[in-house]
Structure formats: C-alpha cells, structure tokens
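These protein sequence lines map, in sequence, to chains A and B.
According to the numbering used here, the residues represented by the first sequence are 23 to 131, in order.
According to the numbering used here, the residues represented by the second sequence are -14 to 98, in order.
You may find that some hints are simply not true.
In silico lysine-lysine, DSSO-like type, Cα no more than 30 Å apart, as pairs [to be verified]:
no., chain 1, residue 1, chain 2, residue 2
1, B, Lys42, A, Lys48
2, B, Lys38, A, Lys118
3, B, Lys38, B, Lys56
Simulated from the structure, these hints should not be mistaken for laboratory data.
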Amino acid sequence: SQQGEEDPQALSIQEGENATMNCSYKTSINNLQWYRQNSGRGLVHLILIRSNEREKHSGRLRVTLDTSKKSSSLLITASRAADTASYFCATDRDDKIIFGKGTRLHILP
Amino acid sequence: DVKVTQSSRYLVKRTGEKVFLECVQDMDHENMFWYRQDPGLGLRLIYFSYDVKMKEKGDIPEGYSVSREKKERFSLILESASTNQTSMYLCASSLHSGANVLTFGAGSRLTVL
C-alpha cells in the first residue's frame, strides 16, 4: 500500500516562481524524505526530515513536517528549467521505505 | 560517490521464463531494496534486505523472490515471468537503518512478451 500521497499530481509554473508540493501519509514514521527523478533515470535524494523536526532547508529547498496532520510539504524557490522532474516523498517506517506516486513538475520558460 | 549498478538496462523476456535482475553496490551499504515503478502507481517496494542472507517482504512480493549471498549484491528473481511484471525495476541501497537515505541505480526496464 502507498504510504505517502503527493498533491498535486502535476504542476506547471513559470520559471522563477515558487513550487509547492504536498505529501500526506498514514502511519507514524521515523523520518520523511524527498527525492527527485528526471525522466527515465533513477531517483536522487534531496532532503530528509526527522519526525522530531518541523522544518529543514537545503539551498532552494524548504521542507516542513507536521506529524499531527501526517503531512509534509516541499517548497522549491526561484524555480529553474532544470527543476523539471518528478518529485516523490518517502516515509521510513521500520526500515520499510515507502514512496508516494509523485508530483510531476514542469517549469515553463 | 556511492554507485549502485544494475546489470541490465533493458531486458525482453517471454512469459514463463526465469528472470534474474542483478544489483551491486560498491560502498559497503547494509540495506538494499528492490522497487518497481509503473505509470500512475509510483514506486512500490517488492523486497528489502538489511543484512546478508536476510530479506523482508515489501508491499508487493508476490511473484518475486530475492537473494543476498554477499553484502554488495542483491538479486531479484522472477521465477516465471508474466506480462503483468513488465515494468521498470529500481534497485537502491542505504548505509544502515536509521540513516536510510537511498542511492538508486539507473533502473532495469523489463518487458515480458
């Protein structure tokens, strides 16, 4: 069963705008991660946030975690064409790392 | 950099054939994972392993088995391939439990005719 569900399924924005993707999950977790996948390639880890953290930053990425609502968000600021990709959240529950279905992000020139 | 290598990028097999998908990592990671990725379904966990000769079922283990005889190698086996196993298969590894940041291979696209 999918643990995480991303929202929206697809998102198109203009270059330079901010992109926000959300992830909801069902059960308690140890941590939550976000990954990026460029077309036809393997996934690349972006950022990990632990269950006792509320917010984390890495460059243009900002991740929040609300364990009471079982949700997380990924914000990409000042988007670039190279950010066009699919983004997945993944929850770590007893070493089972379960992915959502992903959000397809398209940055328009 | 950690490298996860999947032996075959593309495979075409016939229904009923036995299929081996091999995955090797070169950085002494303890945990290894097999996922399949299908359009609209995201990544689904088939099996994972946290030690040599240890394996745990993921969410969709039916029709698959795995083998981990050496720490660096994790094989996915389709005993009798079926058309509904046509998919992209992704292998990943992580250093150890509690630090489960995954490094992925490039994927193996399997077509079963």
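Checked hints:
Straight-line distance between C-alpha atoms of Lys42(B) and Lys48(A) comes to about 19 Å, which keeps the hinted pair within the 30 Å bound. Annotation: proposed proximity of Lys38(B) to Lys118(A) holds, straight-line Cα distance about 17 Å (limit 30 Å). For the hint pairing Lys38(B) with Lys56(B), the CA-to-CA distance comes to about 9 Å; that is within 30 Å, so the pair holds.
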